[in-house]
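Line by line, the protein sequences give chains Z and X. Going by numbering that gives the first Met the number 0, the first residue of the first sequence is number 0, and it counts up by one from there. Going by numbering that gives the first Met the number 0, the first residue of the second sequence is number 0, and it counts up by one from there.
Simulated from the structure, these hints should not be mistaken for laboratory data. A few of these clues could be false.
If chains are identical, the list can't say which one is meant, so a pair holds when it fits in one copy or spans any two.
[Claimed, not checked] Straight-line distance between alpha carbons at most 20 Å, and here's what the computed EDC-like set of lysine to aspartate or glutamate pairs gives:
#, residue 1, residue 2
1, K125, E37
2, K123, E41
3, K125, E25
4, K123, E44
5, K123, E25
2 protein chains.
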Amino acid sequence: MSFDVLQEKIRKVKNPTVAGLDARLEYIPPQLVAGCFEKYGETLEGAAQAVYRYNCDLMDALQGLVPAVKPQAAYYELLGWPGVKALADTIAYAHDKGYYVIADVKRGDIGSTAQAYAEGWLGKSKVGGRSIAPFDADCVTINGYMGSDAILPFLNIAKEEGKGVFLLVKTSNPSSGELQDMIAGDRQVYTVMADLCKRLGAGSEGQRGYQALGAVVGATYPAQLKELRRRMEQTFFLVPGYGAQGGTAEDVRHAFDRYGWGAIINSSRGILCAWKKMENGAENYQAAARQAAEAMRDDIKRFVTIV
Amino acid sequence: MSFDVLQEKIRKVKNPTVAGLDARLEYIPPQLVAGCFEKYGETLEGAAQAVYRYNCDLMDALQGLVPAVKPQAAYYELLGWPGVKALADTIAYAHDKGYYVIADVKRGDIGSTAQAYAEGWLGKSKVGGRSIAPFDADCVTINGYMGSDAILPFLNIAKEEGKGVFLLVKTSNPSSGELQDMIAGDRQVYTVMADLCKRLGAGSEGQRGYQALGAVVGATYPAQLKELRRRMEQTFFLVPGYGAQGGTAEDVRHAFDRYGWGAIINSSRGILCAWKKMENGAENYQAAARQAAEAMRDDIKRFVTIV
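Chain Z with its partners taken away, still in its complex shape (with noise of 0.2 Å):
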């Protein structure tokens, strides 16, 4: 099961956060940049060759170091096609390089159409007489808004393939409590979504007891976090929100069991910036990518061991 996947590659570099590969180009060292203008020109296709290359420079960097990458959709598609073609390479990258791939696109629709989105970036696409895996991502977010018509399509598709999902439970944004906070009959609606979660992932425990529908629950919200650790004792959890959002290494370990399994805290801004914050970063972003990563994983270490 996918999950088991997941924590046996955390366990095995003991470090339990994922790289966001949300490549803007302002993300991207300028001399990367203006290489793939002069060859492609100031097009999509020039940008969306400097994210592809960028993201691969990242991941030899931090490979053996961090055991998964979770490339946020929205900043391919702000490269239109190309850069959707890019986000397809970084995946297949990812997976020749050892990776476990979410694939953050948070999709939330209903019937056939979450059946599409699920074949798509889990599953297989049926073209004439052959399947084609499009995306093939380990993992995908979801959003559950409509209810488990846009849930279950996503999560049988995982069944089949061994693969998993992370469902929106409580965000780590500001506002998230406008609509995730209020009291719906005895629940939060944040909690309503917890407990469909769980009732809708019953069944798809693989051997490490997690079920195949995880959740994201944010760093910035520690006392929830706490609370739905306790909840959903068999729910794999996505943390983003450490670091650039104010959650702290201190407010993460709540998302972890006893074994300090059951959850990878996301950073995204945090790794792929890192040369901006290093003199002679530009040329050595690498070594700042990973030196970056070394200390999330130690700040995190300071609250968390990994069994």
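Fit chain X to the given chain Z structure using the hints.
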């Protein structure tokens, strides 16, 4: 303002419907698919070409009859990046033919990520010294589970570009009530979303009074549709669920104001797959689509008169 443009296009053809372009390969006449496979192989490229060509033929057939098209991103992503290229090409062709384009992407993310989605789908991408519109849709659908952080970046770009946004409020699917119908304080969750939609959209009204932030409200819950129409007088509605999902013309009439304005009703499979229900339909798919679109228009006209 964008919904002024849409309302004017609707008024011109006296037809408040939008043709969903959700082309799965199974929905396309087999000889079209076979021709593309012959030329491009049984590949994602071949499949994407079939989708694009079918879309173009449909748009040729529906010109002057239907004012808008709504490609559903899922079916394009199902064909990987070649599919996403077909989507971009479909939008460009739709504009050539004078259609208003609603990109049904239901994106939901926050802050700079939402900004990237909004720039990608509605706005422009800065590439070196150039500004390029990657998809250039007139309007997108979005998901507000994450709160106003997930709405404002889209609304702001829409205002800048004179474009529109539809926020999911009450969706048409069977399980939409699992979350949306829960009582949160003194209101249901979908009403909370409706009020958020109204509040954030305030100040973005066009000449006809519609805010740049519209709402998705399903045809399958006519009581809620009626209630929301009263609650959100200045909100343009996108109404899915007519036809295959069970919504009738009598149900959708509640979406319109007294002038027959302020809403557009979607049909996807009813038009796309019309050829399957017609004798020799595969050879006459354009006529079949046109007849289905005319039948839908006439069905709705029994209850709605557009001034």
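Here is what the structure says about each hint:
1. In this homomeric assembly, K125 and E37 come within 20 Å of each other (Cα to Cα) only across copies, at 16 Å, whereas the closest approach inside a single copy is 38 Å.
2. In this assembly of identical chains, K123 and E41 lie within 20 Å of each other by CA distance solely across copies; the values are 14 Å between and 34 Å within a copy.
3. Within a single copy, K125 and E25 get their C-alpha atoms only as close as 38 Å, which misses the 20 Å cut-off; across copies the closest is 10 Å, which meets it.
4. Taking the shortest alpha-carbon separations for K123 and E44, only the inter-copy value of 15 Å comes in at or below 20 Å, while the best intra-copy value is 26 Å.
5. In the homo-oligomer, the alpha carbons of K123 and E25 lie at most 20 Å apart only across protomers (15 Å), although the nearest pairing inside one protomer, at 34 Å, exceeds that limit.
Consistency with the previously given hints is maintained throughout, with no hint failing.
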